[in-house]
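J.: Using the sequences provided together with the hints, build the complete structure.
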Amino acid sequence: MSPAEHLADAGLVQLLTPAGERVDHPVYSPLAAHLDGDALRAMYRDMVLVRRFDNEATSLQRQGELGLWAQSLGQEGAQVGSGHALAPQDYVFPSYREHGVAQTRGVDLANLLRLFRGIDHGGWDPTAHNFHLYTLVIGSHTLHATGYAMGVQRDGLVGTGDPTRDTAVVTYFGDGATSQGDVNEALVFAAVNNAPLVLFCQNNQWAISEPTTRQARVPLADRGLGFGVPSVRVDGNDVIASYAVTAEALERARSGGGPTFIEAFTYRMGAHTTSDDPTRYRSAAEDEYWRQRDPIDRLRLHLEQTDELPAAFATDLEAEAVALGERIRSTVRSWGPPTPASMFDHVYASPNSVVDSERAWFESYESTFAPTQGGAR
Amino acid sequence: MTTERITFAKAINSGLRRALEQDPKVLLMGEDIGALGGVFRVTDGLHKDFGPDRVVDTPLAESGIVGTAIGLALRGYRPVCEIQFDGFIFPAFDQITTQLAKMHYRSQGRLTLPVVIRVPFGGGIGAIEHHSESPEALFAHTPGLRVVSPSNPADAYAMIQQAIASPDPVLFFEPKVRYWDKADVDLETPAEPPHTDAAPTGLDRARVLREGTDVTLIAYGPSVAPALKAAATAAAEGTSVEVIDLRTISPLDTDTLVASVRKTGRCVVAHEAPVLYGTGAEIAARVTERCFFHLQAPVLRVGGFHVPYPVAKIEQDYLPNLDRILEAIDRTLTF
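In order, the protein sequence lines correspond to chains A and V.
Here numbering that gives the first Met the number 0 is used: the first residue of the first sequence is 0, the next is one more, and so on.
Here numbering that gives the first Met the number 0 is used: the first residue of the second sequence is 0, the next is one more, and so on.
Hints were generated in silico from the structure; no laboratory data involved.
Errors might be hidden in some of the hints.
[Stated by the list, open to error] A few chain V residues that face chain A, going by a derived Cβ cut-off under 7 Å, partial list only:
no., residue
1, 142
2, 200
3, 250
Each residue gets a CB set at the ideal place from its N, CA and C atoms; glycine is no exception.
T.: This is the structure we're talking about:
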């Protein structure tokens, strides 16, 4: 099978063309019909703010303020669209690039940077936002999401008919993750348990340097079908279609219809991380092809064409983005390192004689140094 | 106090039943643990009494079992996973070491994962490859996990309940060669809390099973029975051996071990796992650090060789049996 067949975007659900024109889909248009100007502007705002945040984070890494950064650049449509379909009680298990989803869950974006600054392995309270911590081991969290969904089932929060109670779980992962055993096991467990789970695969075409052709010889959405899981391919750079397919999958999950696999066809416009160099493995022409399909440009064109982007809104949003950037910069720079002895915190939830004695030794050792600037030493 | 004479397997079964009765959030998950009752029948009857949502026959995928248990725990459940045999835990190694062990830490204590992973382990039952291994040190080496192993039915009954009550993930190693051992077990007195200094039989405590003055002999799980036998044999030969059932491999109850060795001056550790980088090596290091001027001899280890678990027909030559433990006791007395 040639790479061209993989990259073919045939069969994608699309409700908004790259030129910003709405197109009809017999199944999915009705699911997005209620999205009025306010709803679309809210999505637009989230995408613009996340991109600004993402660019600030990249700059902060270049300035030495972060050890690493994984950009969401280009994937805002898939993330914000799907995120807007979630209900407050739904629970999200992200990978580590889901900054757009974090924004829709109300996570302070600054806190996403604690991990990358090297001051925290997490950074936020997952239960306050129903947004789990980022998981760096590829695909591991898809099983956590499946188990969580099995818990939701046991809690009797599926198929009650009450939209404020029925609960779904969404897990985000990438094209590379579909090769992991854990993702395949998640599909097995979700399928046989009819778990209220949405497996949201962002096929951004690249797993660091490996194209999707190194992961599969069929469209990734076909993976779900093999497990008996309804599957759909969506134009991930179409925020409205991403919303609609996710809304459908969430409704299926909440009503007791079980899991859905979504392949959101998108593109990682940036590098894998700030340590990566995409010029070694992909062409400028490819980058340009996708630049023409930028998810933010697409929605902006649509809003402009439908007179739904008032100048005042655009001006205010730009000011908000600038302010966000400033806040991100000053916040990150204000974060000093944790105290060295804090490494002993929270290893266990109950007292542990080994950790306690090592901490005691360490603190005693630290106390032998004359107190100077910064930290205990 | 009402005691009942039951097998080790039945003691765990009874402990699981009690936990299922007392906490609706407890659920069991594993391969063939439902209608079959598990390949060792440890969960016998529980599926019938508690239903398929609480005694769950899972797909044959160990990573999936532990991974979904993590998710269930995040939702407020207390899953008890059964890994069918020791040698089958490795597909779940990633979930256990990179996810289960670290979630409390990386969430700054916001998330707890009270997950128990039961592992029938060890040899001596004439099994085929991958069914006789002792991988406990691999998990004891991982911060964030608790690793325990009961050696007798009474402890099995109490410790499985303590493991389920623990807010931390617990690797619960069950010596399968002991599954059919019978003993009187008090099924009515509640188990002590798992982690408090006030509980002398808590999950973090080693226990002196037999007092002695010449040699401290430390064992756990399947090796406690031959250790007790060795002590009795040595006593007949005039050597007084103090036997300690370690019970907890992580954390290590070093204080109890040190107190004994300071008294006896000699220490032998026995376990089935290979001695290289094993639990015995850690005990030897800690005992040496804290008992250096009390020791009359180097700490000796009796255990598996640096070979894959051998075929069943010669496994008795690999295991730390009565003769090999006695040989080590004799050797430590020659210093």
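J.: Any CB of chain A closer than 7 Å to the CB of residue 250 of chain V?
T.: 4 Å, holds
J.: Is the interface hint satisfied for residue 142 of chain V? The criterion is a beta-carbon contact with chain A at less than 7 Å.
T.: 5 Å, holds
J.: Residue 200 of chain V was flagged as interface toward chain A. Is the shortest Cβ-Cβ separation under 7 Å?
T.: Violated, because the Cβ-Cβ distance from residue 200 of chain V to chain A comes to roughly 16 Å (cut-off 7 Å).
In this structure, the one hint that does not hold is number 2.
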